[in-house]
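Asker: In case you want the letters, here they are:
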Amino acid sequence: MRIGTAKETYFADEALFDTRTQRVWLLVLAALLAVFPFVASQYWLYLACLVAINVIAATGLNILTGYTGLVSLGQAAFMGVGAYTVAVLERRWGTPFLLNLLAGGAVAMVVGMVFGVPSLRVKGLYLAIATIAASFILHFIFANWTAVTGGTAGLTVPPANVFGLPLDSEFRSYWMIVPIAVLMVLGAANLFRTRIGRAFIAIRDRDISAEVLGIPLLRYKLLSFGIASFYAGVAGGLWAYFFRSVTPESFPLIMSIFFLACIIVGGMGTILGSILGAAFMTLVPEALKLVFGWLPNAEAMAVHLAPVRTMVFGALIVGFLIFEPHGLAEMWRRVRRFFHLWPFRT
Amino acid sequence: MRVVKWLVGTVTAAGLALAAPAQAQEEIVLGGSIPMTGVFAFAGVGIHAGIQDYVKIVNDAGGIKGRKIRYVFEDTAYKPDVSVAAFKKLTGSHKVSLYYGDSTAFSKTINPELERMGTILMAGASFATEINNPQKYPMQFMAGPDYSEQIGILLRYIAKEKPGARVAIVYSDSEFGRDPVEEFREQSKKLGLTVATEIMTPPGSVDVSTEVIKLRRASPDYTIFHGYVLAPIPQFVQQLKAAGSQTKFMGSFWTMDHSTVMKMGEAGDGFMGVMPYRYYYDDSAKAPMLEKIRQMRPEYQSTPYLQGFLTAMLLVEAAKRTLEAGKPLTGKNLKAALNSIKDFDTGGIIGVPITIKGNSIPVGRIYRADMKAQKMVPVSDWIHLD
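Protein chains in written order, with numbering that gives the first Met the number 0: chain A, 0 to 345; chain B, 0 to 385.
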């Protein structure tokens, strides 16, 4: 806890950002995000957009897994639902992109709630296996409902349009993806200041006790699935606009595992964890490429260095899990605490 | 005044003297999203070596009109989003004119960007039928027949060997696997062949006992596998041979590397398939380029190596023809130059002169596994689909 931040009102006590320092740093971050597209290369803009999409999906999964304690391996499939919804709406009716994204989120939400029904009877690994079914069933639908999804060849997606301006470059896409990601993250952070969010946490900590306390498990577990899938649907919709091509193989099971890894590495049950985890999992392989590229004779040794790089990435993940099981968010908190209490020891 | 003129003249001359070699030195950049890790690494490593070697051959011979080729690449782990990142990174830091893409998903994803940029000609590892559409993919091509054409070549061979034969197709439930199925049905009908059965297997499946029974009951004369690299082909081959089936097994390009087929063991003897290129060790005819490859790399080089090598050759040829016509290296000019290739000699990599009308080269040959000799041997002449 920060020293000298005595609260005088309940409103102040509930505030999402409760100190001036925090607000100043957030303003700095917002300014940096606004300036970034003007100084960054196409490559870094691409990575920023990709991280933002992954942050949305990981945040959704963190609501479900980190906060409600329901393990899901269907997040990528729900992203697929959002992506196909957006692709179909954009191709057939050319409806505004915000509407398409909302529809993508809504359809994914409904589908997610359907696949969330087993969560009422099973938990943990059993639920994870039940949600894998979502991946297989939805993959089958994507591949075989040819009239809508285009079958195995998939669909190409026209770029999103804002007042006739196509968002067809990284620079333009950035202004669509990053603000939506910021809004979604803020929405998730706010969720845990409400009854709904606290009910999720109560269910995670002990579902029987939560029910005794008056939290209807059916409603809240399905709601958690719904919200997580909504996030996945919006992320999938943005993915479709960003990559402009959606096929059944765009959202494999391994992608769901990727998101699970994001929240474990980042920190389960923390919003910051979703952001840091998604950024880590997306950017570290690229950063390793950069670092390995500096090695002498790297180009000639590429064939041998490439698998080594993959192993280093794997070792980093294992290292984090061993030395910081609470994830990057906990590391961040420790660093922050150091500065808060400096020159005293934590 | 005279001094000023002299100074201007000297500075201009010096500038020209400095600029001329700089311009002559301007490299032509060939970028690559190469899968050196991940599920497609077995091919990526070969493709990388093939591109590297061809670029070296061209550069050692002085480049194209004095301009050297520079090959820049990034590992993609065979993930489309990483491939796109590699593309952005390479095109952001180099003036890329030629590009090698690693997958169908990447080819489809990057297509709008290629059209928007209009500066790059791309080919790659994808032989997807959908990419073989110059209207939809105007800046791309493939260095061989598309998957439908590969199946067409196999069926043409079957129709010649055994008219009216019963044919079956076993394919994976993936975009790759499903790609030529429609064409398989149509071509079989057209060539007077009977479709004995069609079997789809889940991707990555190895327990295929029920499919084996179904295939045995259908008793086809020929069984074509598509959409796999290896598994579950050996499982099918071994179980069917053990059950006394007389069907002849066939595969498409990505299954046909020497090392892949040899992994089938004794049961793989007689396994046939379509190959757009000569094998590294095929010395049945004069092939100066293969000779050169053998000199550069005395050990066996895979079929993906040859695919990478030939793709680089065609990309460079397109650049050469564009520059010779005095045109700038734009995607449109490069593609037009590529499509001007007529009766082109690949140095024996493809056994017949090639012509590139659209986005593919619909030529191939049937090879058969000879397990005793531990070699793939040609059993047909080069088959050209018109």
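Incorrect hints may have been included.
The list that follows gives simulated cross-link-like pairs (lysine-lysine, DSBU-like), each with its CA atoms no further than 35 Å apart [what the hints assert, rightly or not]:
1) Lys319/B - Lys262/B
2) Lys213/B - Lys285/B
3) Lys288/A - Lys135/B
4) Lys67/B - Lys247/B
5) Lys55/B - Lys247/B
6) Lys288/A - Lys188/B
7) Lys288/A - Lys291/B
8) Lys291/B - Lys319/B
9) Lys371/B - Lys159/B
10) Lys374/B - Lys161/B
11) Lys240/B - Lys291/B
12) Lys326/B - Lys371/B
13) Lys326/B - Lys247/B
14) Lys55/B - Lys288/A
15) Lys262/B - Lys240/B
16) Lys64/B - Lys288/A
17) Lys331/B - Lys374/B
18) Lys161/B - Lys326/B
19) Lys288/A - Lys331/B
20) Lys94/B - Lys188/B
21) Lys94/B - Lys262/B
22) Lys341/B - Lys326/B
23) Lys288/A - Lys67/B
24) Lys288/A - Lys94/B
25) Lys159/B - Lys247/B
26) Lys374/B - Lys288/A
27) Lys188/B - Lys161/B
Reference excerpt, derived from the structure (chain A facing chain B, CB under 7 Å, subset only) [unchecked claim]:
28) Val34
29) Phe35
30) Phe37
31) Gln41
32) Thr151
33) Arg205
34) Thr246
35) His303
If you are wondering where the hints come from, they were derived from the structure by calculation, not from laboratory data.
Please read all numbers here as calculations on a predicted model, not as lab measurements.
Even glycine gets a Cβ: it sits at the ideal position worked out from N, Cα and C.
Asker: None of the hints should be skipped; say for each whether it holds.
Answerer: These are the hints, each one checked on the structure:
1. As the CA atoms of Lys319/B and Lys262/B are separated by approximately 40 Å, the hinted pair breaks the 35 Å bound.
2. Annotation: proposed proximity of Lys213/B to Lys285/B is violated, straight-line Cα distance about 44 Å (limit 35 Å).
3. Between Lys288/A and Lys135/B, the direct Cα distance comes to roughly 33 Å. Compliance with the 35 Å bound is thereby established for this hinted pair.
4. Restraint check: the Cα-Cα separation between Lys67/B and Lys247/B comes to about 48 Å, which exceeds 35 Å; the hinted pair is violated.
5. For a cut-off of 35 Å, the pair hint linking Lys55/B to Lys247/B is broken: about 41 Å separates their Cα positions.
6. Of the supplied pair hints, the one linking Lys288/A and Lys188/B is violated, its CA atoms being roughly 51 Å apart against a limit of 35 Å.
7. For the proposed pair Lys288/A and Lys291/B, the alpha carbon gap of about 33 Å is at most 35 Å, so the pair holds.
8. Distance hint between Lys291/B and Lys319/B is fulfilled; the C-alpha atoms sit about 21 Å from each other, no more than 35 Å.
9. Only pairs whose Cα atoms come within 35 Å are accepted, and Lys371/B paired with Lys159/B is accepted, the gap being roughly 26 Å.
10. For the proposed pair Lys374/B and Lys161/B, the alpha carbon gap of about 24 Å is at most 35 Å, so the pair holds.
11. Taking the CA atoms of Lys240/B and Lys291/B, the gap is near 40 Å; set against the 35 Å cutoff, the hint is violated.
12. For a cut-off of 35 Å, the pair hint linking Lys326/B to Lys371/B is broken: about 53 Å separates their Cα positions.
13. This hinted pair does not check out: Lys326/B and Lys247/B have alpha carbons roughly 50 Å apart, beyond 35 Å.
14. Pair hint Lys55/B plus Lys288/A holds up; C-alpha atoms about 24 Å apart against a cutoff of 35 Å.
15. For the given pair, Lys262/B sits about 16 Å from Lys240/B by alpha-carbon distance, which is consistent with the 35 Å threshold.
16. Restraint check for Lys64/B and Lys288/A: satisfied, since their Cα atoms lie roughly 34 Å apart, inside the 35 Å limit.
17. For the hint linking Lys331/B to Lys374/B, the alpha-carbon distance of about 41 Å lies beyond 35 Å, and the restraint is violated.
18. For the given pair, Lys161/B sits about 50 Å from Lys326/B by alpha-carbon distance, which is inconsistent with the 35 Å threshold.
19. A C-alpha spacing of about 32 Å is found between Lys288/A and Lys331/B, which places the hinted pair at or below 35 Å, so the restraint holds.
20. Simply put, Lys94/B and Lys188/B have alpha-carbon atoms about 48 Å apart, too far for the 35 Å limit, and the pair is violated.
21. This hinted pair does not check out: Lys94/B and Lys262/B have alpha carbons roughly 42 Å apart, beyond 35 Å.
22. A threshold of 35 Å between alpha carbons decides the hint, and for Lys341/B with Lys326/B the separation of about 19 Å falls inside it, so the pair holds.
23. At most 35 Å may separate the alpha-carbon atoms for a hinted pair to count; Lys288/A and Lys67/B meet this at roughly 26 Å.
24. At most 35 Å may separate the alpha-carbon atoms for a hinted pair to count; Lys288/A and Lys94/B meet this at roughly 21 Å.
25. Between Lys159/B and Lys247/B, the direct Cα distance comes to roughly 15 Å. Compliance with the 35 Å bound is thereby established for this hinted pair.
26. At roughly 38 Å between alpha-carbon atoms, Lys374/B and Lys288/A are farther apart than 35 Å, so this suggested pair is violated.
27. Between the alpha carbons of Lys188/B and Lys161/B the distance comes to roughly 14 Å, so the proposed pair stays at or under 35 Å and holds.
28. Checking Val34/A against chain B: minimum C-beta separation of about 19 Å lies over 7 Å; hint violated.
29. Against a cut-off of 7 Å between C-beta atoms, the interface hint on Phe35/A is violated, since the closest Cβ of chain B lies about 15 Å away.
30. This hint is violated: Phe37/A has a C-beta 15 Å from the nearest C-beta of chain B, more than the 7 Å allowed.
31. At its closest, the beta carbon of Gln41/A sits 5 Å from a beta carbon of chain B; the interface hint therefore holds under the 7 Å criterion.
32. Because the smallest distance between the Cβ of Thr151/A and any Cβ of chain B comes to about 4 Å, under 7 Å, the interface hint for this residue holds.
33. Interface hint status for Arg205/A: violated, as the beta-carbon distance to the closest one in chain B is roughly 39 Å, over 7 Å.
34. Given hint, Thr246/A at the interface with chain B, holds; its Cβ is 6 Å from that chain's nearest Cβ, closer than 7 Å.
35. Taking 7 Å as the C-beta cut-off, the interface hint given for His303/A is violated, the closest approach to chain B being about 9 Å.
Against the hints set out earlier in the document, violations occur for numbers 1, 2, 4, 5, 6, 11, 12, 13, 17, 18, 20, 21, 26, 28, 29, 30, 33 and 35.
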